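Participant: Which chain is which? The protein sequence lines are H and Y, in order.
Numbered according to my numbering, the first sequence spans residues 3 to 319.
Numbered according to my numbering, the second sequence spans residues 111 to 355.
Hints are computed from structural coordinates only; laboratory data are not their basis.
Keep in mind the model is a prediction, meaning the values are calculated, not measured.
Restricting the straight-line Cα-Cα distance to at most 25 Å, the calculated cross-link-like pairs of lysine-lysine (DSS-like) are:
#1 H:113 <-> H:131
#2 H:113 <-> Y:112
#3 H:131 <-> Y:112
#4 H:107 <-> H:131
#5 Y:112 <-> H:107
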Amino acid sequence: METTTSVAPSQAQSGVGEPGTDVVIRLRGVTKRYGTVQAVKGIDLEIRHGEIVALLGPNGAGKTTALTMLLGLLLPTTGEVSAFGVAPAAAISQSRIGAMLQEGKLMPGVKVGEFLDFVRSLHPRPLPKAELVEIADLGEVLNRRIDRLSGGQTQRVRFAMAIAGDPELLILDEPTAAMDVESRRAFWANMHRYAAQGHTVLFATHYLEEAEAFASRLVIIAQGRIIADGTVHDILERYGSPRLAFTTTAPSPSDFAQLPGVQRSTVQDDRVTLYTRDTDATVRALVASNLPWHALEVATADLEETFITLVHQGGVQ
Amino acid sequence: MKGYIRAEMLRTLRDPFYVFQAIVVPIGFYLLFAGLYGSSPHAPGTLPGKVEIMVAQAIFGGIWACLIVTGPRIAADRSSGWLRNLQLLPVSPWATLVGRALTAILFALPAICAVCLTGVITHGVQLSTGQWIVGILLMWLGVWPFAVFGIVLGYLTNADTAYGVTTGLYFVISALGGLWIPPAIMPEGMLAIGKLLPSYHAADLGWLVTNNQPPTVTNAIVLMAWMLVFILVAALLAPRAARTR
Chain H
3 METTTSVAPS
13 QAQSGVGEPG
23 TDVVIRLRGV
33 TKRYGTVQAV
43 KGIDLEIRHG
53 EIVALLGPNG
63 AGKTTALTML
73 LGLLLPTTGE
83 VSAFGVAPAA
93 AISQSRIGAM
103 LQEGKLMPGV
113 KVGEFLDFVR
123 SLHPRPLPKA
133 ELVEIADLGE
143 VLNRRIDRLS
153 GGQTQRVRFA
163 MAIAGDPELL
173 ILDEPTAAMD
183 VESRRAFWAN
193 MHRYAAQGHT
203 VLFATHYLEE
213 AEAFASRLVI
223 IAQGRIIADG
233 TVHDILERYG
243 SPRLAFTTTA
253 PSPSDFAQLP
263 GVQRSTVQDD
273 RVTLYTRDTD
283 ATVRALVASN
293 LPWHALEVAT
303 ADLEETFITL
313 VHQGGVQ
Chain Y
111 MKGYIRAEML
121 RTLRDPFYVF
131 QAIVVPIGFY
141 LLFAGLYGSS
151 PHAPGTLPGK
161 VEIMVAQAIF
171 GGIWACLIVT
181 GPRIAADRSS
191 GWLRNLQLLP
201 VSPWATLVGR
211 ALTAILFALP
221 AICAVCLTGV
231 ITHGVQLSTG
241 QWIVGILLMW
251 LGVWPFAVFG
261 IVLGYLTNAD
271 TAYGVTTGLY
281 FVISALGGLW
291 IPPAIMPEGM
301 LAIGKLLPSY
311 HAADLGWLVT
321 NNQPPTVTNA
331 IVLMAWMLVF
341 ILVAALLAPR
351 AARTR
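Next up, chain H with everything else stripped away, as it sits in the complex (with noise of 0.2 Å):
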C-alpha cells in the first residue's frame, strides 16, 4: 500500500528545492511497545516538502504515538525517526519543526501576549507579533492569563506557539479538537492562508471532511499500521466501494449478493444496497439477471465509507 510518487534520494539536509521532491520526515521500520502493548506495530512513511498531509485514523490506533516520536518527545522501540535529515529534537532547536500537541498546558501565570514574547525569543526569525495574533486570532485575549483560557483559545495560543517561529514543517495532532464548529472553520481558513506559502504540514485528525478539505495527502492508519496512503482520489478509487441501490420485489434479495463485483450488500425493507468493485460488471449483470429490480441509484464511493470500511479490514488483519 505504498504510493507510486517516486522515492526522492535522501538530500533530506535542505529543504528547499521543487516541492514534493525533498523529504522533510522519514519514518523507517518504526514500533513502539508499552509494556505489553504495540501501540505502533511497524511505520514506514515518507513526507517530502510542500505535502500536507493528515494522519486518520480511529482512536487508538497509534496516531499520537507516531506524532509523538515524530517530535522525539518518545523514542521509538525499533526504527528510525528523522526530520530534515536529522533527529526530531534537532530540528526543533534549529527552528525547523512548529508543533501542536493535544495534551499538556502551556506555561501558567503568564499572559498570552507575554507568552508570545517568550515563544517568539527562542526562534532565530520569528513571525512578526501582530501577523502571529491575526493568523491564530488572538487578538481579543491578549491580555488574559493562559491558564485562565476556553478550550478553544487555548488550541488557538498552541497554534501560535507551533507557528511563531515560522518552521518548515508543523506538526499538529488534532488542532481543532475542543473548538466550535464556527473557529474550526476560522482556524481552517487561517491555516489555508499560512499553508500555501510553501510549508510542510502533518496533521492528525478525526474528522474525515477536515482531512478531505485541506491535505493533499492522506495516511490512514489502523491498529498501529499504515493502512493506507495517498490523495482522497488514490484512495476512493483503490479502496472505495461505489454503491449501487434500488428497490425489489424478490422474494431473497441475498441473491443479489451473488452479482460480479458485489463485495457486501446490505438489505432495508425492500431496498437493496449493493457495495461493488466493478459498477459496470454489476449493473450488467443486474440487468441481465431476470430478477425484479426498480428505481435505480448509482453512487460514487464516499470517504466515510471507504474509511470504515478501511480501519475494519485493517483491523481484522
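Dock chain Y against chain H, hints included.
Facilitator: Okay, now just chain Y, sitting in the frame of chain H:
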C-alpha cells in the same frame, strides 16, 4: 534564555505563594519576634535582638523565595504537561533549569531586603553602609544553594506532594538553622545539627558581618558543599525527570 527568565519572573510576581510567604510572612515574623525580644538587653559582643532576628528572618524569606520558584513549580509543570510542551520549543532543558535557578536567586534579593528595610523602619536598626552592602550580599549568596535544592525537590515530588514536602522541609531546616530560636539558646544537640545546615551558615554570614566579624572558612565550605551536593543530585535526577510521564 532572557525571554525565559522574563516569563518565569512574571509568573513569580503573580504567584501569591511567593509574595505572601517570601515577603509578607518574614516581615510579620520580624515584627512579632523583634517586638517581643528585640529590645531585651544583650551581652557585650553579641548582637542586639532586633538585628539578630532581622538577619534570621531575611534568610527565612530568601530561602522561601528560592524554593517556591523552583520546587513546587517544577513539580506542577511536570504534571501539568507544560514541560512536555516546552520540549517543542528550541530551548534546552538545561537552559530552562538555569533560568529557573536564576529567577529564584533574583527573587531572593527583594525578600532579604524587605526584612532589612522593616528592621530599619520599625526598630531603627543602624549599620554602616559597608555592613549593609556586604551583609546583604553575603546573605544573598548564602541562600543560593536553596535554589538548587528546590530543583531537587521539584524532581522528587509531584504536583500533589510538592508544596507540602517543600514547606515541611523549609520549616525544619529553618528551625534547626536557628532562624526561629536564636542559636545562643538552642539545645546543644539541635545546634550541632543546625551547624551542618546551609540555613545556619547563610544566617551566620549575616550575623558575623552585622557584628563586625569576618565570615569564616567553615561558612564557605559548608555552603559550597551543599551547593555541590544539590547540583550533583539534580544532575542525576534530571534525565529521569525529563520523562514527564
